[in-house]
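Peer 1: Read off the chains here:
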Amino acid sequence: MSETAGPEGAISVAEAARRMRRSIEQVRRYLREGKLKGERIGQQWFVDEASLGEPVFRYKRSPARSTGQVREVAAIMDSEAIAKSRIETLIREVEASREEMGRRLGGNVDISVVEMLQADRDER
Amino acid sequence: MAVCPDASFVLAWFVPTSASQAASDIWRQLLRRSEPLIAPPLLYAEVTSVLRRYAASGAITGADTLAAIRHLFRIPIAVSHSQSLYERALELAERLGQSRAYDSQYMAVADLEGCALFTLDQGLYNSAQRMGITARLIA
Chain A
3 MSETAGPEGA ISVAEAARRM RRSIEQVRRY LREGKLKGER IGQQWFVDEA SLGEPVFRYK
63 RSPARSTGQV REVAAIMDSE AIAKSRIETL IREVEASREE MGRRLGGNVD ISVVEMLQAD
123 RDER
Chain B
610 MAVCPDASFV LAWFVPTSAS QAASDIWRQL LRRSEPLIAP PLLYAEVTSV LRRYAASGAI
670 TGADTLAAIR HLFRIPIAVS HSQSLYERAL ELAERLGQSR AYDSQYMAVA DLEGCALFTL
730 DQGLYNSAQR MGITARLIA
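Residue numbers (the numbering used here), protein chains in the order written: chain A, 3 to 126; chain B, 610 to 748.
By construction, these hints were calculated from the structure, which means they are not laboratory data.
Errors might be hidden in some of the hints.
[Unchecked claim] What the simulated footprint calls covered on chain B by chain A, stretch by stretch (three residues with Cβ under 8 Å from a Cβ of chain A suffice, anywhere in the stretch; the number is not a length):
id, segment
1, 618–626
2, 635–642
3, 673–682
The beta-carbon is built from N, C-alpha and C at its ideal position, and this holds for glycine as well.
Could you put the whole structure together from the sequences, leaning on the hints where they help?
Peer 2: Encoded structure:
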């Protein structure tokens, strides 16, 4: 089906569905229910792009509710990317924190964690 | 292969020691590869306690210890906590002639979960080797 050019600041239902990781039918339902702002021109709905940024759509996306395989793969890739990003942040923070401790110790890093652990166990 | 980190391996990543660079390189690899990490609850108690010792000695601050705990809980470690873990720990300690069952809890996790024990502790590494448990000594 050919797409009619939409009003300014509006996107097609298919594009909104892709960005929201919802089905086209769900996006049409949101439009009918008024949860998404949009406009119907002839037989075709257009979604107000700005309304995608509203909190209900930014934060309530649930990959578990996706039904299509493509959306599931996208959701998995998304969560993997988030997990990787969190790991990289953790690595950076741990190492920055340790380097800062090292600077404060003036480079004196000759403390054995094994001896510390042993002493700790001995005192219990 | 899944890895059971002991407290020395975690601490060497968090606080500056001569083994920190080696520990850091391995932690980066494990985390980036999403290697499964499994540990006994003892890990958290020991890391906390030794961090406190470092702070009490003046080597690090109280804020450093709190930051380290926050980091610890962001490492995706599955905690192994079951009756069989403690039974196995007792059995291993007895076979090794150990009067305490700290090291053996890490060994029990590695043994029961089929993972490799990563440690900086030569004694723990030797014990694991004696028990036929896969271990890696970080130096």
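Peer 1: Which constraints among the numbered hints does this structure fail? Numbers only, ascending.
Peer 2: none
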